[in-house]
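For the record, the sequence lines run as chains E and C. When we follow my numbering, the leftmost residue of the first sequence carries the number 25, and every step to the right adds one. When we follow my numbering, the leftmost residue of the second sequence carries the number 146, and every step to the right adds one.
Simulated from the structure, these hints should not be mistaken for laboratory data. Where a beta carbon is used, it is the ideal one built from N, C-alpha and C, also for glycine. Take the hints with a grain of salt, since some may be wrong.
Claimed, not checked - Facing chain E, according to a computed beta carbon distance under 8 angstroms, are these residues of chain C, among others: (1) P253; (2) G254; (3) L257.
As the list claims (entries may be wrong) - Okay, the calculated bits of chain C under chain E, using three or more residues with CB under 8 angstroms as the criterion: (4) 169–175; (5) 180–189; (6) 216–224.
Claimed, not checked - With a Cα cut of at most 25 angstroms, we get these calculated DSS-like pairs of lysine-lysine: (7) K79(E) with K125(E); (8) K79(E) with K102(E); (9) K97(E) with K189(C); (10) K189(C) with K125(E).
Each chain, written out:
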Amino acid sequence: AQTVTQSQPEMSVQEAETVTLSCTYDTSESDYYLFWYKQPPSRQMILVIRQEAYKQQNATENRFSVNFQKAAKSFSLKISDSQLGDAAMYFCAYRYSGTYKYIFGTGTRLKVLA
Amino acid sequence: EAGVAQSPRYKIIEKRQSVAFWCNPISGHATLYWYQQILGQGPKLLIQFQNNGVVDDSQLPKDRFSAERLKGVDSTLKIQPAKLEDSAVYLCASSLAASAYNEQFFGPGTRLTVL
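Extracted from the complex, chain E is given alone in its bound form (with noise of 0.2 angstroms):
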């Protein structure tokens, strides 16, 4: 059974300053897709940032860059600059292409300190 894992419940971080969020998944299947999502305050959950399974490249999205580690089945957030606004919860998640149900992680809270 495929399984997502966010060991960090909670993360704080400096304004400005890079923080990493991690995430583990475990999975017999090639080709899947892997998401992070970013749910603030008021509860709506906006995408951040995907990576296609197949593709080595690390995916980046302005202030927001993953490492992806397809052999220990890793995939990490990463926050430069960080801001006031990105203080919310995260979610790692995991889709298979065979199906499109998505598989969330437990989320880590992410707190930004002024």
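With chain E's structure known, arrange chain C on it following the hints.
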């Protein structure tokens, strides 16, 4: 572009009562999802529709939960009768097509409290 709409935003009921949630997906999105998010956990898929057909309802407690998507647009999720453990946020999401690459767009959710 309007986002995914959900109502109500909050609902408080007593156990054994019934409740219904409504979702209006983004226009043109064929795929609609209902998730249950219990406090401190990630969202769990309850049911997925492709147009007005059910694709996956393997984790839907069918003895008390039901969902429909009439005309392939709006959807309702019903709980009857509610239990204490149903207290959660119910999220609706939609995507353009049932492709693993496609982004899901989430609504603001309905927070259900069962007393």
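Verification of the supplied hints:
Proximity of P253(C) to chain E holds as hinted, the smallest CB-CB distance being about 5 angstroms (cut-off 8 angstroms). Among the interface hints, the one on G254(C) holds; its C-beta lies about 5 angstroms from the nearest C-beta in chain E, closer than the 8 angstroms criterion. Given hint, L257(C) at the interface with chain E, is violated; its Cβ is 13 angstroms from that chain's nearest Cβ, farther than 8 angstroms. Residues of the region 169–175 of chain C with a Cβ under 8 angstroms from some Cβ of chain E number 0, which does not satisfy the need for three, so the listed coverage is violated.
Check result for the region 180–189 of chain C against chain E: holds, 5 residues qualifying (beta carbon to beta carbon below 8 angstroms, three or more required). Only residues whose C-beta sits within less than 8 angstroms of a C-beta in chain E count toward coverage, and the region 216–224 of chain C has 0 of them, not enough to reach three; the restraint is violated. With a CA separation close to 21 angstroms, the supplied pair K79(E) and K125(E) stays within the 25 angstroms bound. Between the alpha carbons of K79(E) and K102(E) the distance comes to roughly 18 angstroms, so the proposed pair stays at or under 25 angstroms and holds.
Between the alpha carbons of K97(E) and K189(C) the distance comes to roughly 21 angstroms, so the proposed pair stays at or under 25 angstroms and holds. As the CA atoms of K189(C) and K125(E) are separated by approximately 9 angstroms, the hinted pair is consistent with the 25 angstroms bound.
Hint compliance for this structure: hints 3, 4 and 6 are broken, all remaining hints hold.
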